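Those protein sequence lines, which keep their order, are chains Z and V. Counting with the numbering used here, you get residues 1 to 159 for the letters of the first sequence. Counting with the numbering used here, you get residues 1 to 159 for the letters of the second sequence.
Hint data in this document are derived by calculation from the structure and do not stem from the laboratory. On a predicted model such as this, the values are computed, not experimentally measured, just so you know. Some clues are possibly wrong.
To be verified - Pairs of lysine-lysine residues, derived as DSSO-like cross-links and limited to a Cα-Cα distance of at most 27 angstroms, are as follows:
#	chain 1	residue 1	chain 2	residue 2
1	V	Lys87	Z	Lys87
2	V	Lys121	Z	Lys121
3	Z	Lys87	V	Lys121
4	Z	Lys121	V	Lys87
5	V	Lys87	Z	Lys123
Protein chains: 2
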Amino acid sequence: MSEKPKDPVQPASDEARQMARDLITTARFCALGVLDPETGFPFVSRIALGATPEGGLCTLVSGLSAHSRALRADPRVSLLVGEPGPKGDPLAHPRLTLLAEAEPLPRTDALCDRWLADHPKAKLYIDLPDFFFVGFRLRAGSLNGGFGRAFRLAPEDLG
Amino acid sequence: MSEKPKDPVQPASDEARQMARDLITTARFCALGVLDPETGFPFVSRIALGATPEGGLCTLVSGLSAHSRALRADPRVSLLVGEPGPKGDPLAHPRLTLLAEAEPLPRTDALCDRWLADHPKAKLYIDLPDFFFVGFRLRAGSLNGGFGRAFRLAPEDLG
Chain Z
1 MSEKPKDPVQ PASDEARQMA RDLITTARFC ALGVLDPETG FPFVSRIALG
51 ATPEGGLCTL VSGLSAHSRA LRADPRVSLL VGEPGPKGDP LAHPRLTLLA
101 EAEPLPRTDA LCDRWLADHP KAKLYIDLPD FFFVGFRLRA GSLNGGFGRA
151 FRLAPEDLG
Chain V
1 MSEKPKDPVQ PASDEARQMA RDLITTARFC ALGVLDPETG FPFVSRIALG
51 ATPEGGLCTL VSGLSAHSRA LRADPRVSLL VGEPGPKGDP LAHPRLTLLA
101 EAEPLPRTDA LCDRWLADHP KAKLYIDLPD FFFVGFRLRA GSLNGGFGRA
151 FRLAPEDLG
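Work out the full structure: start from the sequences and follow the hints.
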């Protein structure tokens, strides 16, 4: 009789929640995974990441990009935040996978002001007609705090 | 009558092929997108990336990880390579999205030696019983060489 492998993922702790929130609030960009509507493959690209005035997560994307076409077809996305620095083992650096649903956000002055405060270089393209804001409703999180330190997080652990 | 939006993605050029190959050969880690078998969401995590002795792309993963369970259920994956440095606009930094199919690779001495030459810290876990090698058969590439410089690449452009 074979033994079931032990689940290496731990439930949320206060330390894991704090680490996850720090990774989210300091991220200015991330890897975005979407579902490619033509092939069904996952498709990972880099996007800017920021906060809405209400404290949610959002991005500003071009409507001509592959990822924006994909998330209009299927709102299920994944975000990876937590960039390794130039030194040390990149796989020992904490990172957080988020599962979320994407939704277009109405453009408001408060949202644009907040975005430009965090992403000053976006002033070059924020007013181009194909650019729009997308919000992310968080569904789950998976924190990897380094080798052997994996935690499962619920939406309420993340905000 | 509305005009069809212009496709902003250009066909491969020699410069785009060279940039893509440089991004692949210098990457020691990447963002991996898989399909979560439980929810159907894309799931993005960080993995080590390296070359096989034959020049293919591969990784070394734990069989206990969420991504290795996912790619056993569905081999369709996406890889994002090209890490921004600590300075400058991260969205102006070149990066490459690859679509690929994952397949377990037999463990050989030549593969382990090559992996350890590129990832010396892996000596801590390469011999653990749950770790195994996975190869990636490339299906397509999408190069973003900076704002407004997007290229579509075929497998033969990448190797």
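How the hints compare with the structure:
Distance hint between lysine 87 of chain V and lysine 87 of chain Z is fulfilled; the C-alpha atoms sit about 14 angstroms from each other, no more than 27 angstroms. With a C-alpha separation of about 37 angstroms, the suggested pair lysine 121 of chain V and lysine 121 of chain Z falls outside the 27 angstroms cut-off, and the hint is violated. A hinted pair counts as satisfied when its Cα atoms are at most 27 angstroms apart, and lysine 87 of chain Z with lysine 121 of chain V qualifies at roughly 13 angstroms. The hinted pair formed by lysine 121 of chain Z and lysine 87 of chain V meets the criterion: a straight-line CA distance of about 13 angstroms does not exceed 27 angstroms.
Annotation: proposed proximity of lysine 87 of chain V to lysine 123 of chain Z holds, straight-line Cα distance about 18 angstroms (limit 27 angstroms).
When the structure is compared with the earlier hints, a violation turns up for hint 2 alone.
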